[in-house]
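K.L.:
Chain residues, written in single-letter form:
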Amino acid sequence: MAKKLHDTPNLDQLETGPWPSFVTGLKELAKDKDYVVDLLGQLEESYKTRKGYWKGGTVGVYGYGGGVIPRFTELKNEDGTPKFKDAAEFHTLRVMPPPGMHYDTATLRQFCDIWEKHGSGLIAFHGQSGDIMFQGATTENVQHAFDEFNEMGFDLGGAGPAVRTAMSCVGAARCEQSCYDEAKVHRAVLNTFLDDIHRPSLPYKFKFKFSGCSNDCMNSVQRADMAVIGTWRDNIRTDEALAKKWFAKHGMDELVNDVVARCPTKAFQVKELSKIKAGEHTSTVAVSDTHGVEISNQDCVRCMHCVNVMTGALAPGKDKGATVLVGGKSHLKIGGLMGTVVIPFIKLDTDEGVEQLVDFAQRTIEFFAENALEHERTGEMIERIGLTNFLDAMEIDVDPAMVNSPRMNPYVRTDGWDDEVAKINAKKQAA
Amino acid sequence: MNQAVQAAAPAQKRKPKETGVPENKKFLHPTLAKNYGDWKYHDRPRPGVLHHVAHGGDEVWSVRAGTQRQMDVYTIRKLCDIADNYAEGRVRFTIRSNIEFIVSEEAKVAPLIAELEKNGFPVGGTGNSVTMIAHTQGWLHCDIPGTDASGVVKALMDELHHEFVREEMPNRVHLSTSCCEINCGGQADIAIIVQHTKPPVINHDLVANVCERPTVVARCPVAAIRPAMVNGRPSLEIDESKCMCCGACYPPCPPMQINDPENSKLAIWVGGKNSNARGKPTFMKMVASGLPNNAPRWPEVAEVVKNIISVYKADARPWERMADWIDRIGWPRFFEKTGLPFTKYLIDDWRGSRANLNASTHIRF
Numbered sequence: 002m003a004k005k006l007h008d009t010p011n012l013d014q015l016e017t018g019p020w021p022s023f024v025t026g027l028k029e030l031a032k033d034k035d036y037v038v039d040l041l042g043q044l045e046e047s048y049k050t051r052k053g054y055w056k057g058g059t060v061g062v063y064g065y066g067g068g069v070i071p072r073f074t075e076l077k078n079e080d081g082t083p084k085f086k087d088a089a090e091f092h093t094l095r096v097m098p099p100p101g102m103h104y105d106t107a108t109l110r111q112f113c114d115i116w117e118k119h120g121s122g123l124i125a126f127h128g129q130s131g132d133i134m135f136q137g138a139t140t141e142n143v144q145h146a147f148d149e150f151n152e153m154g155f156d157l158g159g160a161g162p163a164v165r166t167a168m169s170c171v172g173a174a175r176c177e178q179s180c181y182d183e184a185k186v187h188r189a190v191l192n193t194f195l196d197d198i199h200r201p202s203l204p205y206k207f208k209f210k211f212s213g214c215s216n217d218c219m220n221s222v223q224r225a226d227m228a229v230i231g232t233w234r235d236n237i238r239t240d241e242a243l244a245k246k247w248f249a250k251h252g253m254d255e256l257v258n259d260v261v262a263r264c265p266t267k268a269f270q271v272k273e274l275s276k277i278k279a280g281e282h283t284s285t286v287a288v289s290d291t292h293g294v295e296i297s298n299q300d301c302v303r304c305m306h307c308v309n310v311m312t313g314a315l316a317p318g319k320d321k322g323a324t325v326l327v328g329g330k331s332h333l334k335i336g337g338l339m340g341t342v343v344i345p346f347i348k349l350d351t352d353e354g355v356e357q358l359v360d361f362a363q364r365t366i367e368f369f370a371e372n373a374l375e376h377e378r379t380g381e382m383i384e385r386i387g388l389t390n391f392l393d394a395m396e397i398d399v400d401p402a403m404v405n406s407p408r409m410n411p412y413v414r415t416d417g418w419d420d421e422v423a424k425i426n427a428k429k430q431a432a
Numbered sequence: 128m129n130q131a132v133q134a135a136a137p138a139q140k141r142k143p144k145e146t147g148v149p150e151n152k153k154f155l156h157p158t159l160a161k162n163y164g165d166w167k168y169h170d171r172p173r174p175g176v177l178h179h180v181a182h183g184g185d186e187v188w189s190v191r192a193g194t195q196r197q198m199d200v201y202t203i204r205k206l207c208d209i210a211d212n213y214a215e216g217r218v219r220f221t222i223r224s225n226i227e228f229i230v231s232e233e234a235k236v237a238p239l240i241a242e243l244e245k246n247g248f249p250v251g252g253t254g255n256s257v258t259m260i261a262h263t264q265g266w267l268h269c270d271i272p273g274t275d276a277s278g279v280v281k282a283l284m285d286e287l288h289h290e291f292v293r294e295e296m297p298n299r300v301h302l303s304t305s306c307c308e309i310n311c312g313g314q315a316d317i318a319i320i321v322q323h324t325k326p327p328v329i330n331h332d333l334v335a336n337v338c339e340r341p342t343v344v345a346r347c348p349v350a351a352i353r354p355a356m357v358n359g360r361p362s363l364e365i366d367e368s369k370c371m372c373c374g375a376c377y378p379p380c381p382p383m384q385i386n387d388p389e390n391s392k393l394a395i396w397v398g399g400k401n402s403n404a405r406g407k408p409t410f411m412k413m414v415a416s417g418l419p420n421n422a423p424r425w426p427e428v429a430e431v432v433k434n435i436i437s438v439y440k441a442d443a444r445p446w447e448r449m450a451d452w453i454d455r456i457g458w459p460r461f462f463e464k465t466g467l468p469f470t471k472y473l474i475d476d477w478r479g480s481r482a483n484l485n486a487s488t489h490i491r492f
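Heads up: the protein sequence lines correspond to chains A and B, in order. Numbers 2 to 432, taken from my numbering, label the letters of the first sequence in order. Numbers 128 to 492, taken from my numbering, label the letters of the second sequence in order.
Worth flagging that the hints you see were computed from the coordinates, not collected in a lab. From the three backbone atoms N, C-alpha and C, an ideal C-beta is built for every residue, glycine too. Treat each hint with caution, since some may be false.
[Claimed, not checked] On the chain B side, residues computed to face chain A include the following (Cβ under 8 Å): (1) Gly184; (2) Val187; (3) Ser224; (4) Thr263; (5) Ile271; (6) Pro408; (7) Ser416; (8) Asn420; (9) Arg478.
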């Protein structure tokens with residue numbers, strides 16, 4: 002039995018209503034833990050005053066420089082003692098989950114037992130960086146908890162100016178849209194950077210995210226310094242039985258309004274069967290005895306919309322791989338930035354392809370470490386130095402797939418133009 | 128690790144095993160492992176259930192339920208009990224903290240749903256629903272929060288429960304909340320973000336000891352901070368005519384308190400789209416601000432969010448995400464239909480902002 006609960010009139014109001022309540026959960030934990038009784042006390046104070054009362058500090062595990070988010074209370078009595086002394090230290094361990102966040106119940110139960118013993122008993126599945134967040138341990142218990150998680154085969158994630166924990170979608174494990182083995186590539190890339198994850202020494206954070214198709218369920222374009230997004234080069238595949246089944250259920254109105262009209266490049270047409278033309282770059286499929294679909298794959302931007310609407314009837318091609326974008330980040334400091342295409346297509350179905358990606362990631366992080374200013378993200382660095390300087394350093398040829406349009410102003414010295422054309426021609430001849 | 132450091136360390140210290148990201152194969156449901164990379168299509172027999180079919184004919188049903196994300200061990204064990212007794216012992220979590228139970232027999236779906244609902248876990252969040260809110264730590268654990276996260280989410284999801292358990296929206300609706308302008312919650316169809324309205328209040332007695340002053344000066348996006356001697360001690364001062372109250376100085380320098388119970392407001396943003404489907408990904412746009420940080424249930428925020436959702440639901444066409452819908456109807460009609468005031472603060476004046484102005488005669492009347 003723990004000590005008596007503090008009055009929490011504000012938090013109590015979060016116990017009603019149909020959505021599961023974290024307050025009710027905390028109160029369950031508080032039955033046995035003074036630690037959580039006082040956590041609720043401090044949280045109620047925040048609700049009352051509308052202020053936060055945690056400050057950071059330095060807490061870690063032996064051998065690592067990061068992965069723990071230290072929190073010490075700032076809510077003090079006049080004599081400087083903590084107002085809620087049992088929750089004066091409330092550190093979080095960031096632990097990297099398996100790619101796709103799959104678990105068996107034995108593993109989850111073991112997490113619970115360890116965290117009940119050494120921590121508050123509060124776990125977030127998952128934090129915004131993709132970590133399992135074991136929330137609330139004293140400085141002393143951080144090491145004990147980590148040792149047990151580590152013996153289970155789990156390792157700490159990133160925090161601070163480090164390579165951060167990555168995220169990948171459910172992908173090949175359960176999704177027909179998957180264009181590469183997300184989990185394999187996720188591990189191949191991340192586990193190359195264990196030193197940069199565990200010992201923060203970069204200018205700022207560096208995040209990888211892995212999405213199996215351009216639905217980008219990991220939101221990687223907007224969030225990742227390096228986004229690896231599945232795509233394909235050949236034609237969209239079709240399945241006549243499923244196409245007819247779809248059409249029988251949805252009809253011509255939906256085919257026209259929801260698919261044809263929403264194709265961003267007008268690559269998708271519906272035609273009478275007799276007018277459909279097959280071709281090397283054309284996908285065709287009948288949806289009824291009179292009508293069919295004709296897709297011009299050279300105009301298609303692999304946006305996924307028609308494949309999403311008519312899943313199974315349409316599917317990504319067979320020549321799969323990924324597009325790599327670099328430089329996505331959120332607001333601070335210069336405003337949100339999206340990633341920029343740096344590798345339009347890379348094959349990832351061979352070890353050699355994966356090694357190429359790992360090599361590119363290594364060179365990017367080396368360049369970032371040497372050239373970014375303190376607290377500057379990769380996207381901000383590229384904005385400062387210009388994409389071509391970054392590409393030069395990465396030894397990547399420029400490609401019109403990297404831009405929305407060519408330059409819209411004349412403010413550039415072009416006295417190397419002839420040399421550049423000569424290089425391009427020489428490469429073409431050598432190829 | 129440095130050899131010298133290792134040698135100096137006490138002998139009983141355990142060296143970490145730097146194993147990194149664990150292999151996921153052993154955690155996969157056996158049918159997922161068997162058909163890895165070989166799925167053919169999926170459909171949704173009802174809200175909250177995904178039905179995947181493999182090329183070889185194997186099928187799995189995934190039942191998705193909402194959680195509070197910050198879960199106590201009793202809740203997690205309860206979910207494990209349900210997984211062991213009503214499913215097949217394998218689960219996964221989505222990016223929005225929903226849990227998915229995977230079963231290989233259709234007959235298990237209905238009893239599993241009944242058990243989840245009996246224990247208070249809403250089943251839904253699939254397809255064209257309003258799914259769980261991506262969120263952050265807030266007062267519970269963050270060192271710089273302007274508001275709470277879990278509480279805001281609990282309050283809002285209570286209000287949006289109906290839209291979570293049904294698939295009645297034009298397309299999926301992703302929500303996020305962020306407790307400061309760093310926006311850890313991320314881009315979403317509708318996002319709630321703290322918007323401070325007053326410059327930080329500086330405790331000059333603490334700055335010299337707590338803050339690395341050049342770092343703080345460099346952190347300001349508008350160069351409004353400069354070193355100064357205050358009361359004979361080194362400190363920092365702010366050019367309040369330049370300061371736009373972003374709070375970027377607060378993390379490196381906690382004595383520059385940006386959070387204020389009255390003046391830290393909440394803003395609503397719309398039209399962020401992560402996916403490349405149809406149009407390219409989009410950033411969200413601010414459409415309302417000045418909402419009070421009214422714990423414990425933030426009713427003013429809920430009212431604006433629910434209103435935007437109901438207007439979108441009534442007006443958008445099938446498959447139109449929030450951004451697609453606004454592209455079609457235009458911003459004037461968005462503000463007209465939602466009744467939100469279009470104030471001068473919504474006209475962008477940050478770098479690159481002229482690209483956001485209308486350089487055409489394209490106006491809907």
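K.L.:
Against the structure, test the hints numbered earlier, and report the numbers of the ones violated in rising order.
P.N.:
Of the numbered hints, 1 and 7 do not hold.
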